[in-house]
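There are 2 protein chains.
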Amino acid sequence: MERFLPAWSWLRHYDRARFQGDGLAAVIVTIMLIPQSLAYALLAGLPPEVGLYASMLPLLGYALFGSSNALAVGPVAVVSLMTAAAVGELAAVGTPEYRTAALALAGLSGVFFLAMGFLRLGFLASWLSHPVISGFITASGILIAASQLKHILGIPAQGHTLIEIGESLAAGIDATNLPTLVIGVLVTAFLFWVRSRLKPLLRRLGASERAADSFAKAGPVAAVIVTILAVKLLYLESTGVAVVGAVPQGLPPLTVPPADFELWRELLTSAVLISIIGFVESVSVAQTLAAKRRERIEPNRELLGLGAANVAASLTGGYPVTGGFARSVVNFDAGARTPLAGVLTAVGIGLTALLLTPLFQTLPKATLAATIVVAVLSLVDLGALKRTWDYSKADFAAMAVTIALVLLAGVEAGVVAGVVLSILLYLARSTRPHIAIVGQVPGTHHFRNIKRHQVLTSPKVLSVRVDESLYFANARYLEDRLYDEAVSDEGIREVVLICSAVNGIDASALESLEALNDRLSAAGVRFHLSEVKGPVMDRLKRSHFLEQLTGQVFLSQWDAMAALDPETTRTAELGERPALSAAAL
Amino acid sequence: MERFLPAWSWLRHYDRARFQGDGLAAVIVTIMLIPQSLAYALLAGLPPEVGLYASMLPLLGYALFGSSNALAVGPVAVVSLMTAAAVGELAAVGTPEYRTAALALAGLSGVFFLAMGFLRLGFLASWLSHPVISGFITASGILIAASQLKHILGIPAQGHTLIEIGESLAAGIDATNLPTLVIGVLVTAFLFWVRSRLKPLLRRLGASERAADSFAKAGPVAAVIVTILAVKLLYLESTGVAVVGAVPQGLPPLTVPPADFELWRELLTSAVLISIIGFVESVSVAQTLAAKRRERIEPNRELLGLGAANVAASLTGGYPVTGGFARSVVNFDAGARTPLAGVLTAVGIGLTALLLTPLFQTLPKATLAATIVVAVLSLVDLGALKRTWDYSKADFAAMAVTIALVLLAGVEAGVVAGVVLSILLYLARSTRPHIAIVGQVPGTHHFRNIKRHQVLTSPKVLSVRVDESLYFANARYLEDRLYDEAVSDEGIREVVLICSAVNGIDASALESLEALNDRLSAAGVRFHLSEVKGPVMDRLKRSHFLEQLTGQVFLSQWDAMAALDPETTRTAELGERPALSAAAL
Numbered sequence: 001m002e003r004f005l006p007a008w009s010w011l012r013h014y015d016r017a018r019f020q021g022d023g024l025a026a027v028i029v030t031i032m033l034i035p036q037s038l039a040y041a042l043l044a045g046l047p048p049e050v051g052l053y054a055s056m057l058p059l060l061g062y063a064l065f066g067s068s069n070a071l072a073v074g075p076v077a078v079v080s081l082m083t084a085a086a087v088g089e090l091a092a093v094g095t096p097e098y099r100t101a102a103l104a105l106a107g108l109s110g111v112f113f114l115a116m117g118f119l120r121l122g123f124l125a126s127w128l129s130h131p132v133i134s135g136f137i138t139a140s141g142i143l144i145a146a147s148q149l150k151h152i153l154g155i156p157a158q159g160h161t162l163i164e165i166g167e168s169l170a171a172g173i174d175a176t177n178l179p180t181l182v183i184g185v186l187v188t189a190f191l192f193w194v195r196s197r198l199k200p201l202l203r204r205l206g207a208s209e210r211a212a213d214s215f216a217k218a219g220p221v222a223a224v225i226v227t228i229l230a231v232k233l234l235y236l237e238s239t240g241v242a243v244v245g246a247v248p249q250g251l252p253p254l255t256v257p258p259a260d261f262e263l264w265r266e267l268l269t270s271a272v273l274i275s276i277i278g279f280v281e282s283v284s285v286a287q288t289l290a291a292k293r294r295e296r297i298e299p300n301r302e303l304l305g306l307g308a309a310n311v312a313a314s315l316t317g318g319y320p321v322t323g324g325f326a327r328s329v330v331n332f333d334a335g336a337r338t339p340l341a342g343v344l345t346a347v348g349i350g351l352t353a354l355l356l357t358p359l360f361q362t363l364p365k366a367t368l369a370a371t372i373v374v375a376v377l378s379l380v381d382l383g384a385l386k387r388t389w390d391y392s393k394a395d396f397a398a399m400a401v402t403i404a405l406v407l408l409a410g411v412e413a414g415v416v417a418g419v420v421l422s423i424l425l426y427l428a429r430s431t432r433p434h435i436a437i438v439g440q441v442p443g444t445h446h447f448r449n450i451k452r453h454q455v456l457t458s459p460k461v462l463s464v465r466v467d468e469s470l471y472f473a474n475a476r477y478l479e480d481r482l483y484d485e486a487v488s489d490e491g492i493r494e495v496v497l498i499c500s501a502v503n504g505i506d507a508s509a510l511e512s513l514e515a516l517n518d519r520l521s522a523a524g525v526r527f528h529l530s531e532v533k534g535p536v537m538d539r540l541k542r543s544h545f546l547e548q549l550t551g552q553v554f555l556s557q558w559d560a561m562a563a564l565d566p567e568t569t570r571t572a573e574l575g576e577r578p579a580l581s582a583a584a585l
Numbered sequence: 001m002e003r004f005l006p007a008w009s010w011l012r013h014y015d016r017a018r019f020q021g022d023g024l025a026a027v028i029v030t031i032m033l034i035p036q037s038l039a040y041a042l043l044a045g046l047p048p049e050v051g052l053y054a055s056m057l058p059l060l061g062y063a064l065f066g067s068s069n070a071l072a073v074g075p076v077a078v079v080s081l082m083t084a085a086a087v088g089e090l091a092a093v094g095t096p097e098y099r100t101a102a103l104a105l106a107g108l109s110g111v112f113f114l115a116m117g118f119l120r121l122g123f124l125a126s127w128l129s130h131p132v133i134s135g136f137i138t139a140s141g142i143l144i145a146a147s148q149l150k151h152i153l154g155i156p157a158q159g160h161t162l163i164e165i166g167e168s169l170a171a172g173i174d175a176t177n178l179p180t181l182v183i184g185v186l187v188t189a190f191l192f193w194v195r196s197r198l199k200p201l202l203r204r205l206g207a208s209e210r211a212a213d214s215f216a217k218a219g220p221v222a223a224v225i226v227t228i229l230a231v232k233l234l235y236l237e238s239t240g241v242a243v244v245g246a247v248p249q250g251l252p253p254l255t256v257p258p259a260d261f262e263l264w265r266e267l268l269t270s271a272v273l274i275s276i277i278g279f280v281e282s283v284s285v286a287q288t289l290a291a292k293r294r295e296r297i298e299p300n301r302e303l304l305g306l307g308a309a310n311v312a313a314s315l316t317g318g319y320p321v322t323g324g325f326a327r328s329v330v331n332f333d334a335g336a337r338t339p340l341a342g343v344l345t346a347v348g349i350g351l352t353a354l355l356l357t358p359l360f361q362t363l364p365k366a367t368l369a370a371t372i373v374v375a376v377l378s379l380v381d382l383g384a385l386k387r388t389w390d391y392s393k394a395d396f397a398a399m400a401v402t403i404a405l406v407l408l409a410g411v412e413a414g415v416v417a418g419v420v421l422s423i424l425l426y427l428a429r430s431t432r433p434h435i436a437i438v439g440q441v442p443g444t445h446h447f448r449n450i451k452r453h454q455v456l457t458s459p460k461v462l463s464v465r466v467d468e469s470l471y472f473a474n475a476r477y478l479e480d481r482l483y484d485e486a487v488s489d490e491g492i493r494e495v496v497l498i499c500s501a502v503n504g505i506d507a508s509a510l511e512s513l514e515a516l517n518d519r520l521s522a523a524g525v526r527f528h529l530s531e532v533k534g535p536v537m538d539r540l541k542r543s544h545f546l547e548q549l550t551g552q553v554f555l556s557q558w559d560a561m562a563a564l565d566p567e568t569t570r571t572a573e574l575g576e577r578p579a580l581s582a583a584a585l
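In order, the protein sequences belong to chains A and B.
Taking my numbering, I'd label the letters of the first sequence as residues 1 to 585.
Taking my numbering, I'd label the letters of the second sequence as residues 1 to 585.
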């Protein structure tokens, strides 16, 4: 049963206690989701009702197939931005073609999610390194905030890069609508205040932690209600304040994505990127929340859940969805115990679409824009740049390039460049591996870098540790380095290559080892290996290298030294071990 | 002085003994080079004199800047094939545009060689793995041999892939010219006989090793002379035997590659590939020969030498050149001591161009084709497929794909696909690294895989060795694997990650280690590291990980076990060491 309907795993144990948790969570998430779904639809360039449609059936789809008990699926900021960028290339905002393309993008993303899930390709997401994801989120946050300034200023503007947006805003800034600006600035200031000051204040006034938190989370709803009333009562619409306008009342329409092969081809790259980024975002938050309750999520089932959600979105007038970070945390904190919380949230949004849409008539777009700005600016983490710089220059480079390209060339170019650069930097590191000449730590059987430790070395045996697998891109370099080290000292008669860090030797490296063996042999030096790992040794045995080897293969470096220079080894063994702390490593 | 004219390093020590060696080598190489230069020009789709032109000034250019004392530069089979493929895309064989494009290709390749040399980018060649080079050479040999069948059959045919050539030959086979076929088959059979049987025969007849070898190498010259005379005396030209025809008498013309930006852009990829492949071929043979005399070559100076040679080729009516394998070996064996041998060879070819070209009038193209077929078939090494399959399936895949694509889609597609596949396979291996749970080998301080050795393990300490650097593509996988291993046994209280094979930990992997530390801590398990390498430790110290770590960092795995479970460690230490040979590793 579970095989065909994963939801069966929680449905059969369902009880009243679980329902209470799920129900309360659904109420709170619904209140949070109403303004968000309208706002993110606006960000994606779509009519507000599309945000509501994307928050109904897709949640049911995820609940049936997903594995997380806390993930809250629906429209999210980054995917909305990516949708706007992808669809904006093909159609103008406001046209039927734009909505159709968004449907097709949701359908195509859904198919990719499902394909990745069935083919168990979830691991592909690991190619997005942490610095690339972090840089991407930060830059997207900045880009999204910039793109919302037009609504706060009340001017028309467009563009998918910081420069385009900036130029567009600069050109229109003279037409700024003052009442709109006032609403936008006040709401933004209010939301920042709610976020940073209200909760501590409520706590000081004696509210419980959870009550204070829930109250603070309702800030956007308060802003929505107050500005709706302000526009209505003060007749602000006549002063040029842009409002959401008439939102169709009722349940989502049934839609069929167009069978337009050309359109699909054009959306292909975007759909792949949305799937991968949507998956990475969802899985990280789902995993974090699951770990808190000692639950597990299954990445490949997450893919199926997200796939079902996106297919549902494309069939019911929506656009691409994925798991939202803040929303899932609220869902979890409010007590969601099973995916049914998502189903109940969908019911809440359904009731909203049926009953409350007339109220949104006078909701200012500036309010929604302010909601978005405050939400996404919390994603911006420029401190990560500093931390990553301190830890690794290569990771910093990948992060910085991702941020710069997302801002200046668009989200897709940024992610692709970040991934490609991460891979190239990883490869580059492995082509010039760290090489350590080692000696014995007195009083022990350990061998350590002569440059970092007080160690004893043999006058006739050179022991070298290569800190990398041997493969085509570093084989010839290592061959030359080892040969040069060996012949630089006339006294050296034996060379031991310590393979403790060699996790593979490919055919090119084998060729180089054979050449090195010959060259050393010609110079009267024998060549040995030590600490060869099982899988590497298995492979070497399938070649002729071990027969040609002038020296031996030793189980450990100590065995090698004991056999090749017993005297030095014994001296070292009897020596006094120096005090070594982890810090001295 | 040497800095501006690298040749000064050998010129200032030049003496009579060196001259004798160089002179003799030059005579032998000249005799070998005459038919080769005509034949390879034919293969490249160029008039025969272009082969002679490419064998004069380029040799001088290399002698002035190169570092090998034995490398014989000039037209070679593989680069001629690549020239035909690249230039054939842009112009028809026999047109002035075709010759101009070949000049431009030589110039562009020369510029790339020089740029790589000045920027010290010789290491880029290491991205061509051994299986890719080997597959490329084998497939090129087959392709070249197939492309020469038309000359042996005496029919027109064309194409740059095996299928194109095959179809073209099949369409024209009815028009086979019998006298041409007879010449082609006889010369081919003769050359194979010379190559495999003549030398042993001469040795049995009492000739010295060197004399027998030199005589055998002159086989193609004998075939050229005999067939020239046969055509002349038997008036075979009138029966339709295609001959080389009038070859202009005299020294090379001065040529200037066209300043046609569009043409350069179209030749760009080909020039880059010719440079890299030409460099790999030259450097391998130069290095092999240098090692035999305890000399060294300098890869970046080789690039300058080859760059000068190709620029010279483009200025004197030639086409791309590089170091030839067989020719360099002959040069070396005949006693070449310095690059002056190359200069003297150029003089020999110059004299040929001035005096002997009228003799080539009746040289059958079938003779040249037979020379090429016999030369390139010796490059074909299908046994390498079997050897590589036995050693490594990944390397085999790269080789097989290279061979298949060179044959079916052309040389450039084949090389590029081979390189890309090698890199992807390398990356794929590192994403699912080998993980070994280890125990102590009784009677020693060594720790080895529990699956491969009789070792002692502690009931409360899990020691895991990860055989790969930790980076974004494997970080999350390893985090989950290690966590699952740790919690699968209730008794485990300590986890030690042995980092002897961990050569790097990037920011993504650091994040995963932190997460793993937290998850294990929540499960009541402490997390330790052992055998962390210096560079990795330096980096970890720049993060907050070591402060958060619930356990310790130990210098060695033995220290870790001695501290965490002294009892088991002592028991293991007192145990009897099992007999272990290298074969048991």
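Because the hints were derived from the structure by calculation, they are not lab data.
Since the model is a prediction, treat every value here as computed from it, not as a measurement.
Errors might be hidden in some of the hints.
Note: identical chains are not told apart, hence a pair may lie in one copy or across any two.
To be verified - No farther apart than 20 angstroms at their CA atoms in a straight line, the calculated lysine to any residue pairs in the SDA-like style are these:
id	residue 1	residue 2
1	Lys-292	Ala-522
2	Lys-393	Ile-423
3	Lys-199	Ser-430
4	Lys-292	Gln-548
5	Lys-460	His-445
6	Lys-292	Leu-60
7	Lys-541	Glu-511
8	Lys-541	Leu-354
Quiz item: Among all the numbered hints in the text so far, which are the ones the structure does not match?
Solution: Structure breaks hints 3, 6, 8.
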